[in-house]
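2 protein chains.
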Amino acid sequence: MASPFAWRVMLTLEVKGVPYESKLLEFSKEDHKSSGYLRLNPRGKVPTLKDGEFVLYESLAIMAYLDRKYPDPPIFGKTPQETGQIWRSISETESYLGLAGNKLITAIFFGKGLEKPDELQAAAATMREELSRLDTALAHSDWLVGSQVSAADIALFPLIQLILRAASKDAAKSLNLGLLPLGQSYPNIAAWVRRVEAIPGYEKTYPPHWK
Amino acid sequence: MASPFAWRVMLTLEVKGVPYESKLLEFSKEDHKSSGYLRLNPRGKVPTLKDGEFVLYESLAIMAYLDRKYPDPPIFGKTPQETGQIWRSISETESYLGLAGNKLITAIFFGKGLEKPDELQAAAATMREELSRLDTALAHSDWLVGSQVSAADIALFPLIQLILRAASKDAAKSLNLGLLPLGQSYPNIAAWVRRVEAIPGYEKTYPPHWK
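As they're listed, the protein sequences go chains V and U. For the first sequence, our numbering begins at 1 and goes up steadily by one. For the second sequence, our numbering begins at 1 and goes up steadily by one.
Bound-form chain V, shown alone (with noise of 0.2 Å):
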C-alpha cells in the first residue's frame, strides 16, 4: 500500500518547487521500526521530514512548516478567510472522508474488517455522502478553495486514489459500495483528479510499485 500521508508531502514539494530526496520505506522489510528511523520518528509512521537537522513527522504538520519556509506559492491560503477555509476542508476529509476511507482501506489491504460487511457498507455511505459533496463543491469551481491548489486539494488528492484503488480490487468489487466508476457518479471529483495530475512533477509523486 502505498502511504497517502507521504503522498501529501511529495505533492506539497513539487507544488512548492523545492528539490528534496525521497526514501521509500518498505513496510515489509519492517523499514518503518528501524532503529533508525525509530531516532527520526518514534512513533514509527510515515512520512518524516529530514530539513537540515531539523526533523518533522506528521504530513499536516510538515505541510504547514514548509508553506511557512517556503511560501510561494502559498497552499493555506491568501487571506484570513481562505485560511479557514483550507483548514476546514482538511479537517472534514480528516474526520469524515479519512475515518470512513480508513475502514475500507484496512479492510482490502491488510484484510481487517472484511468479516464485518456491515461496517464497511455504512462507512461505503458515508463516504457515498462525502464524495458527493465534494462532487457539488467542484462543479462550479476547479479547486477545493480560492483558485489554485492548495493544501485542501492536496490532503484529499492521495486519500481519493486510495479509496478509488482500494474500491477497484476484487475483495470490494463483490461488495457493492457504490463507488465506482468515479466518472459517472462523480464527475467533477474525476475532472478535478485530472486537474491534480496535471501538476508539473506529479508523476514524481506517483507511488512506484503502482506502476
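Note that these hints are calculated values from the structure, not bench results. Be careful, since some hints might not be right.
[Said to hold, decoys possible] Pairs of lysine-lysine, DSS-like flavour, derived with a Cα cap of 30 Å: (1) U/204 with U/33; (2) U/103 with V/78; (3) V/112 with U/29; (4) U/173 with U/116; (5) U/116 with V/116; (6) U/173 with U/50; (7) U/116 with V/45; (8) U/112 with V/103; (9) V/116 with V/169; (10) V/116 with U/45; (11) V/112 with U/116; (12) U/103 with V/112; (13) V/78 with U/50; (14) U/103 with V/45; (15) V/204 with V/103; (16) U/23 with V/69; (17) U/103 with V/116; (18) U/50 with U/29; (19) U/29 with U/204.
Given the structure of chain V, go ahead and fit chain U onto it with the hints provided.
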C-alpha cells in the same frame, strides 16, 4: 457535556483578546439541529464562528482563521520550525489522545461502549501512554511548543479536562483506568493545567454547567 471544540475557540479568543459573544447550544433541546443553526453549519456540530458575514466551522480551522486575522499574539508559531511543531502536536492530539479519549468520554457521558470494558481498557492504556509522553515534554518547558501558550496547548487543554472529568465519574472509577489523580501520575501536566487556568479570561471559557 461541554464541547472541547467550542472551548478551544473561546480560549483562542481570550488569548488574543478579541471580543466575542458566545451562544451556548443546548444539546438536550437539539439547538444544533435547528434549521437556523444548520444554515450556518450543515453538519450540525459545534463550534461555528460568525464574524460579520463570514461563517466558519471546525475548531482548528477557526483557530487558524483567527490567528491569521488577529496575529498578535501568534498561536501558530513565530518560525517555520515552531509552526511545524505546533501542528505536529495538534495532529498527535487528534490522532492518539483524542481518539482514545473519545471512547472514554462517549462511554461515560453517553453510555455508549460501557458494555465493552476491554476496549475501554485499551483506550485507557493509550491515554496513559500519551499522557506520559506529554508529562515528559512538559517537565522542562512551561508550554508544549516554544516559550508561550500556542495552539498546541489550546487544542489539548479542553480534551484533557474532559478526560479528567469523565475519569472522575462513578462509572469510570470502577474501571480502574489509572488516570487519576492527575497530580500524582502526571505532575507536569497538572502544573501546565494550572498555567492555562491562569490565562486572563480563562474563567469566561469554563463550561457554565460544570460550575
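Taking only the CA atoms, is the gap from residue 116 of chain V to residue 45 of chain U under or equal to 30 Å? With Cα atoms ~28 Å apart, residue 116 of chain V and residue 45 of chain U stay inside 30 Å; holds.
Taken at face value, is the distance from the CA of residue 45 of chain V to the CA of residue 116 of chain U at most 30 Å? holds, 28 Å
When you check the alpha-carbon spacing of residue 78 of chain V and residue 50 of chain U, does it fall within 30 Å? The hint holds at about 20 Å.
30 Å Cα cutoff - pair residue 173 of chain U, residue 50 of chain U: violated, 40 Å
Within 30 Å, alpha carbon to alpha carbon, are residue 204 of chain U and residue 33 of chain U? Cα-Cα ~25 Å, so holds.
Next pair to validate is residue 112 of chain V with residue 116 of chain U; report whether the Cα-Cα distance is within 30 Å. Satisfied, since the Cα-Cα distance of roughly 19 Å is no more than 30 Å.
Hint check: residue 116 of chain U vs residue 116 of chain V, CA-CA at most 30 Å. Holds or violated? With a Cα-Cα distance of about 17 Å, the restraint between residue 116 of chain U and residue 116 of chain V holds, given a limit of 30 Å.
Do the alpha carbons of residue 112 of chain V and residue 29 of chain U lie within 30 Å of each other, as the hint requires? violated, 39 Å
Check the hint pairing residue 50 of chain U with residue 29 of chain U against an upper bound of 30 Å on the C-alpha distance. holds, 21 Å
Take a quick look at whether residue 103 of chain U and residue 45 of chain V sit within 30 Å of each other, Cα to Cα. Distance ~23 Å between residue 103 of chain U and residue 45 of chain V Cα, so the pair holds.
Taking 30 Å as the top limit, are the C-alpha atoms of residue 173 of chain U and residue 116 of chain U close enough? With a Cα-Cα distance of about 15 Å, the restraint between residue 173 of chain U and residue 116 of chain U holds, given a limit of 30 Å.
Taken at face value, is the distance from the CA of residue 112 of chain V to the CA of residue 103 of chain U at most 30 Å? holds, 20 Å
Going through the hint list in order, the structure does not satisfy hints 2, 3, 6, 16.
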